[in-house]
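Student: Read off the chains here:
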Amino acid sequence: MSSCRSSTSEMRGIPVTRAEYGTGTQAMARRLGRVGRREAPVLATVIILFGLVVVPVLAMVCNSVTTPQGGLSGRYWAEVLGTARYLRAIGHTLLLAIPATALAGVIGLGQAWLIVRSDLPGKRFLHMASIVPFFLSPFLGAVAWGMLLSPHVGLFNRLFMLVGIGPVDIYSSLGIIWVTGLYYAPYVYLFVQSALHNLDPSVEEAAAISGLCPMGTFWRITLPLISPALISALLLTLVAATGQFAVPALLGAPVRIRTMTTYIYDLSNMFPPRFGLAAVLSLLLVVIAAAGLVVQKILLGGRSFVTVSARARKHTVVPLGRLRLPLFGVLMVFVLATTVLPIVMLFYASLVPHYDGSLAFHLLTFAHYREIFLSNHLVESAVWNSLWFAGISATVSLLLAVWISLIMNRTRSPLRGLIDFMVTIPAAIPGVTLGVALLWTWIDVPLPVYGTGWLLFIGYIVGFMPFAVRAVSSVHRQIDVVLEDALRMAGGNALQRLRHVTLPLLKPGIASGWVLVFVICVRELDVPVLLYSPGNEVLSVLIFSRWEDGDYGMLAAMAAIQIMLITVVLIAASCLFRVEVAPPTS
Amino acid sequence: MTDPLPDHPTRRQVLTHAVGAGLALPFLARGARAADAGVVTVYSSVPSLYLSRIAERVNAAGLDVQLRILSAGSFQIYQRLRSELRTGRLKADLFQVSDISSFVELKRDGALMSYDSGVYAHYPEGHRDPDCTWVNSRSILNIFACNRNEVPDREMPRTWDEYADSRWVGREGNSDARVDGGALNWYYSLRLAKGVGFWKKYAKNRPEIFRGHGALTNRLVVGELALCEQLDYVAYAMTRGADAPVVAVYPDVVANCMTPLAIMKQAPNPRGAKIVFDWLLSREGQVMLSHINGTYSLRDDVPPLPGKPAFATLPVVRIDPVDYTNSREAMQDEFMQIFDL
Amino acid sequence: MSFLEVENVRKDFGDYHALRDVSFAVEKGEVVTLLGPSGCGKTTMLRALAGLETIDRGRIALGGRELAHDGRVHLAAEKRGIGMVFQSYALWPHKTIFENIGLGLRLKKMPQADIAARVRWALDIVGLPGSESRFPSSLSGGQQQRISLARALALEPTCLLFDEPMSNLDVSLREKMRFEIRTIMNDAGITSVYVTHDHEEAMVVSDRIMIMQSGRIVQQGSPREIYLRPKSRFVAEFLGGANLFPLDVERSVPVEGQFVTTGGLMLRGSPVEALPPDPLVFFRAEALRHGSAEEEGATVLRATVESACFLGGAIQCGLRASGMAIAASLPVVPEVSVGEQIELVLSPQSVSVIADCH
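Residue numbers (the numbering used here), protein chains in the order written: chain A, 1 to 586; chain B, 1001 to 1341; chain C, 2001 to 2358.
Keep in mind the hints are simulated off the structure, nothing from the lab. Where hints are given, some of them may not hold.
Just a few of them, taken from the derived set where beta-carbon distance is under 10 Å, the chain A residues facing chain B [what the hints assert, rightly or not]: (1) GLU39; (2) ASP266; (3) LYS297; (4) SER545.
For clarity, every value in this text was computed on a predicted model and none was experimentally measured. Glycine included, each C-beta is placed from N, C-alpha and C at the ideal position.
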């Protein structure tokens, strides 16, 4: 009760002088003035977030109802909602996203339960391996799986055909679902495993005492209790899968599987571009995402079923018996499928002169790497640019995140709800859409942003700051405000409290948030592909343009460099800084 | 405050220094490449792999300018240029895309600089603007290519009609005329030469449609496609450097996609832009470009690349740039309709 | 003028009136307790003293210095020089015990050597010498609370506030710590305000108790006064073991100490000049003793035992006499059993009349 009663002004240690309550307009004005002064920093935050996040969405709305000549018109909405091909794309988007989400859900839930609750060997390794695909990105996954399951020459298909199956065509709806499911499973895994960790084991013990078998306990007790986390994870995955561009663009476009994102990309890149139609489809995607969030709110109603026990207790381990090794094998197959094989495939492709589906180890050469390091300064500068932009974006995101988290967790400002909402918006906007919206917005802003590195930087901040906010805020929520009060009572002012108490305690959140945003910025394609400017090429954009040029050797070599960069950062973070690197799930 | 734990500050110091160094590194790297004296920016649809090499050669040519590049698809670049022009924030000095209609429109809007350079005299009529606003810096031809392993020599099609034959159902592919400048030019040219019926027949084969020629190439090389529409320089690169099992076929009609180069009227660095313009269109520049890129130069004193037929001997479709520009949108819509996209 | 003065303090949270009109004074060196159920405003009052909460109206002054006045004046918490011991200890988990205690001193720019000496002094007082380099998580709850006290003491506060410091400890430790804190406070002689909802703890720790109800102080006095002479039903019941019966005003003769409950039970008590409105007869469960009428003027009750619960130090009994339910806390000898008829005596000094409501 006492902990939540520290007012805004006190948080910053400003001695408050208050006007006496009075009646009439004068008192009203004084009260407003007081609120204004106290809320000024919060208001500034709201304005900055509005400019960064809401204005681009408004630009999108504006584009969807205005013609190039500048008149108001509903014709783009009418065309999208009245043309079979766009309606089909909307249907297709959902038909791909829903099974992919289900696949991710099955994989993630299975991994989480087995790793948290069963007596599988090598759990620590399996835990790390379950998260890795998140850092690998669906784009590289799609490239690699395109090589592995190409109908005639894919490595797997050759194996399949040896035993008389197949070929399996990755360039199909099933292929898209497979790759999407694999690479979004970490989302589900992380949500569910943290819920399972937090679950009070006595609840399950009670079920066991009541005579439920382990499977019965799982279905009737555990699953309902973790269902809020599972539902959140599934909806998040559904929204992400609906808005993702890379996998359908790589695997669906050639065979005329069109999704909303590929249409948005195509319509924006047509000549002349059909921005109005692209804006309508973008807004529909945002509506789908928003609907997902609303459904989540309704289903959960703000509840969190997970009963967190006050004392950390070890969970009972469920013995798998004879299934132990086979199930371990199944998980290892997933590790192979999501991580090992794609990486090996990319490394192999980067080492042969011309990847043609055959295995020719005698041809191995470092020619592509030599090209990159010795004769192509563009790649070299792109590596530096990637590090630079990711580093700065991560740092600025984290500064903003700490500030926002302070407002969210340590003030009673009525604007908190608004800030929370605005920080959530970018998560609901697909990368391609966000890129287009930012481009439309900043080109008209009379600041030296458009055409400079600043735009890319803004794109990274807007797109990925929500991750940082979540990472920091989830830690911040657990810090009892009395720890700060205690230093006040020991004579510490606001800055000293921040320096000696709040920041040191937030350190795990800040560190993992920084690494997370950094890695996402390095690997992310959807946002920078539309926002980069000459001199500011980043690695992922070059990789994409290699793909557009069909230069798989160079592509693979650059992807290998990117993977190594990310690996170095992750290893450094977990070993040197002891950072628990995982996307935040709260 | 003295810390009772002796090893604690040491670890902290190590970490602080590591973080400091990590943050400083990009700054240093950034500071190292400043030097923006005579920066010239080119917006180009030449693939970045080639374009970056070209830029390096320009920068090494002793022209006292630094060439910066923005490489993307023709339409993407043009769109970006248009936005910059609209808001008066042009960043490009030079503009070079594989789409003649962009130049027609830009010239119509008075956005191109009329620059009476000596290089114009070396280019044939039709490949330079009479008002000296642009010159064709390279020509790309739309031909088709076959995978030798998939298509035996005797079955290899020689004409577009054979290419469109129904026995290739599911084994063909082409690039997307909605988003690719070269593909639209190809669609328009063949429609002009053969009529819309050809396209309707070919579309029945349900070819795989790719955003660009690169991905198409890859599918052809690995043998997933037996044959595909292709750009001559891409096929040339495949057969020249890497020994890809690919045969380039110059069929009965060849679409010529020009890549004009122009100086923007509001170029931030007009002096530098002219220097680069003249050099890229000089004999030296054109030889370099055609070698790096594998494309045709139309300059009268540049020989064709070894192993390529001379440009003049090819059945090239001549198009009217203005009509092409005016019918662009209708062509795209028709393409979309016919190919069910 | 008292050392700590609180005058007519009001505090609202929206429509909720946390403090309605609180006034009290604390002398230098005195230990007072704000006692009341949760939600009575005692913690809000304490936080207002600390400066962690602003007040809407009223005045708070410490040692002649105005800390808060009518919401116009609010001296920041960190400038008040008041120490505080928190319910959850609030030790900084990332700092050693030395750093926890020394940080406030360091912020005061005290020389290093003095800090070390002061930390040692504080740890000696709380009985944990030599624990400087440990981390809070390696200490038990009781030890953590002692460190929290040491941290507050090290700064030599002019006034020390305790926010339910024992409520997170288990019972036996709590009983031990009460006496320890009382001893430490007596030795240190620091003016203290203690907040708790546990009346036994309040009685051990404090010189004076102030009972709070719904944002008001309803009664204050020494532990003995409060316990034996509650002024209202609320205070009587809050301290536990209260027998309260409505008075039949017609049949009672207050000036002679004759009280008759509406249920017809006759009790003899101290004479009362004037009855309060809605009068209740009150006596504590412990006031009932075995025996017969050897004492002059004592009431003799014949009651049936309806329930008996052995508690170790006493037997908690539910009795019925003249149809009324009575709670009694009887000695363990002689044994009583359910259904038994027993005879009990009630001294007139134990029986008083209080108002039903305040």
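Student: None of the hints should be skipped; say for each whether it holds.
Tutor: Tested hints:
Taking 10 Å as the C-beta contact cut-off toward chain B, the hint placing GLU39 (chain A) at the interface is violated, the least distance being around 33 Å. With 10 Å as the threshold, the beta carbon of ASP266 (chain A) comes within range of chain B, its nearest partner Cβ sitting at about 6 Å, so the hint holds. The restraint placing LYS297 (chain A) at the interface with chain B is violated, with a minimum CB-CB distance near 38 Å, outside the 10 Å limit. Residue-level restraint check for SER545 (chain A) holds (minimum Cβ-Cβ distance to chain B is 5 Å; threshold 10 Å).
This entry does not satisfy hints 1 and 3, going by the numbered hints stated previously.
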